[in-house]
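In case you want the letters, here they are:
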Amino acid sequence: MAKPIETTPTLKGDDAYNFVAQMENGSKESAEEKDRVEKGASFIESLLTFVF
Amino acid sequence: MQLIRLVEDYSFGPFDCGEADLNDFLLADAKDYASQLLAVTYLIESTDGVAAYFALSNDRISLSDSDKATWRRIKRDFPHRKHRNDYPAVKIGRLAVDRRYQGRQIGTSIIDFVKKTFVSNNRTGCCFITVDAVPEAVGFYKSNGFLLLKSATMQNMETVPMYYNLRKLA
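So the sequence lines, in the order shown, correspond to chains B and F. The first sequence begins at 1 in this note's numbering and counts up one residue at a time. The second sequence begins at 1 in this note's numbering and counts up one residue at a time.
Pulled out of the complex, with its shape left as it was, chain F reads as follows:
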């Protein structure tokens, strides 16, 4: 296997992770995201096609500036720290493993790689990894240390925003 960056003239082999949205993104949208500089997709290629892929883009975690009541609570309960209203982050826009390669910890290894890269080789400043997890993947991200960003019930939510604090590894 090898890890390559998706380029415009790449010819896709078969890929099926079992989720239509994740298949569609790779096969129909990933090149457009790259050409528009919105997200970069990386492929783990095997001899029989794409074994896994992940797409990264810049993100941030922001706290509403106008929510004065919440800011008063934060400053009251955590007075010793200078608080920011936004933090730079990297978003895992998509992460998927082909059915033939599932169950081999490839997804977890990809997350480990993103964690390590942005802790030890952080070029621009980035303190969180974010992801919009489909409900079925929430357990997977929790097992990799991600926390929920919103407390609302997951029922009827298409995706669940989650984050990992890279300072835990620093």
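Bound-form chain B, shown alone:
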């Protein structure tokens, strides 16, 4: 049997602080990266046999 899928463990201490700091200081993806994501997603969307 495979390892179970579990919910993400609760963050404490430095892990919690670093998570908030990364959220606060994170920048938006560049236009190039957004375009790349769009193209990758479009490939998978082209394979869809149902409304996701």
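Hints in this document: simulated from the structure, not taken from any laboratory. Incorrect hints may appear among the rest.
Said to hold, decoys possible - According to the in silico footprint, chain F covers these stretches of chain B (three or more CB under 8 angstroms from chain F):
id: 1; segment: 1-9
id: 2; segment: 13-22
id: 3; segment: 28-34
id: 4; segment: 39-46
Claimed, not checked - Listed next, with one range per pair, are the computed distances between beta-carbon atoms:
id: 5; chain 1: F; residue 1: P135; chain 2: B; residue 2: N18; range: 29 to 39 angstroms
id: 6; chain 1: F; residue 1: F12; chain 2: B; residue 2: K39; range: 24 to 34 angstroms
id: 7; chain 1: B; residue 1: S30; chain 2: F; residue 2: T124; range: 46 to 56 angstroms
What the hints assert, rightly or not - Using 20 angstroms as the maximum straight-line C-alpha spacing, the simulated SDA-like pairs for lysine to any residue come out as follows:
id: 8; chain 1: F; residue 1: K168; chain 2: F; residue 2: R123
id: 9; chain 1: F; residue 1: K31; chain 2: B; residue 2: I5
id: 10; chain 1: F; residue 1: K150; chain 2: F; residue 2: A170
id: 11; chain 1: B; residue 1: K3; chain 2: F; residue 2: K75
id: 12; chain 1: F; residue 1: K116; chain 2: F; residue 2: L56
id: 13; chain 1: B; residue 1: K12; chain 2: F; residue 2: P79
id: 14; chain 1: B; residue 1: K12; chain 2: F; residue 2: R123
id: 15; chain 1: B; residue 1: K34; chain 2: F; residue 2: C126
id: 16; chain 1: F; residue 1: K75; chain 2: B; residue 2: A2
id: 17; chain 1: F; residue 1: K75; chain 2: B; residue 2: A21
id: 18; chain 1: F; residue 1: K68; chain 2: F; residue 2: Y87
id: 19; chain 1: B; residue 1: K28; chain 2: F; residue 2: Y87
id: 20; chain 1: B; residue 1: K39; chain 2: F; residue 2: Q105
id: 21; chain 1: F; residue 1: K68; chain 2: B; residue 2: P9
id: 22; chain 1: F; residue 1: K168; chain 2: F; residue 2: R84
id: 23; chain 1: B; residue 1: K3; chain 2: F; residue 2: Q36
id: 24; chain 1: B; residue 1: K12; chain 2: B; residue 2: M23
id: 25; chain 1: B; residue 1: K3; chain 2: F; residue 2: A20
id: 26; chain 1: F; residue 1: K142; chain 2: B; residue 2: L48
id: 27; chain 1: F; residue 1: K168; chain 2: B; residue 2: S42
id: 28; chain 1: F; residue 1: K68; chain 2: B; residue 2: N18
Heads up, the beta-carbon is just placed ideally off N, CA and C, and yes, glycines get one too.
Given the coordinates of chain B, work out where chain F should sit on it, guided by the hints.
Chain F only, in chain B's frame:
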């Protein structure tokens, strides 16, 4: 190729991604997760079997409510924002590509699809993608913009919790 949702009566063709846990999940556990409403598995099917699959479930990123010292640091250093102690997320419980299809960017395209879906077609509210990456896959997820959730050394860790902030794409 086509993308289908795994259903109870699906008959698996050959699948081998090179990782026993990922093969076992698909072939032995994925249907049980679906029937128990714990995770939904999606298959990219080719004429010669499953080319790739991914499983999604609901998740959250939580900050311990009882860790008062950390909350004081957060409120001191980031006083301008109303902080939450949990955030809704979608977990990529599994993602694997069959050996025959590796090296074609299918894994990255799947992640791109999940990102786009939960940014542009977000039905319930979800601001992060989470994953428990096996150590060998940490580089792959980093290259797709994921960050580590825990700072502890990766040595002796079976999986490494990571996340992607969907607000970066919004």
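Taking the hints in turn, this is what the structure says about them:
1. 1-9: holds (count 8)
2. 13-22: holds (count 10)
3. 28-34: holds (count 4)
4. 39-46: holds (count 6)
5. F:P135 / B:N18: 29 to 39 angstroms: The hinted range 29 to 39 angstroms is violated for P135 (chain F) and N18 (chain B), with Cβ atoms some 20 angstroms apart.
6. F:F12 / B:K39: 24 to 34 angstroms: Taking Cβ atoms as reference, F12 (chain F) and K39 (chain B) lie about 30 angstroms apart, which means the hint holds.
7. B:S30 / F:T124: 46 to 56 angstroms: violated (28 angstroms)
8. F:K168 / F:R123: Holds, because 18 angstroms separates the two Cα atoms, which is no more than 20 angstroms.
9. F:K31 / B:I5: holds (13 angstroms)
10. F:K150 / F:A170: violated (25 angstroms)
11. B:K3 / F:K75: The given pair, whose Cα atoms are some 37 angstroms apart, is violated under the 20 angstroms limit.
12. F:K116 / F:L56: holds (14 angstroms)
13. B:K12 / F:P79: holds (19 angstroms)
14. B:K12 / F:R123: violated (29 angstroms)
15. B:K34 / F:C126: holds (18 angstroms)
16. F:K75 / B:A2: Violated, at roughly 40 angstroms.
17. F:K75 / B:A21: holds (11 angstroms)
18. F:K68 / F:Y87: Since the Cα atoms of K68 (chain F) and Y87 (chain F) sit roughly 19 angstroms apart, the hinted pair holds (cutoff 20 angstroms).
19. B:K28 / F:Y87: The given pair, whose Cα atoms are some 19 angstroms apart, holds under the 20 angstroms limit.
20. B:K39 / F:Q105: holds (11 angstroms)
21. F:K68 / B:P9: holds (18 angstroms)
22. F:K168 / F:R84: holds (18 angstroms)
23. B:K3 / F:Q36: The given pair, whose Cα atoms are some 16 angstroms apart, holds under the 20 angstroms limit.
24. B:K12 / B:M23: holds (16 angstroms)
25. B:K3 / F:A20: With Cα atoms ~10 angstroms apart, K3 (chain B) and A20 (chain F) stay inside 20 angstroms; holds.
26. F:K142 / B:L48: violated (27 angstroms)
27. F:K168 / B:S42: holds (19 angstroms)
28. F:K68 / B:N18: holds (15 angstroms)
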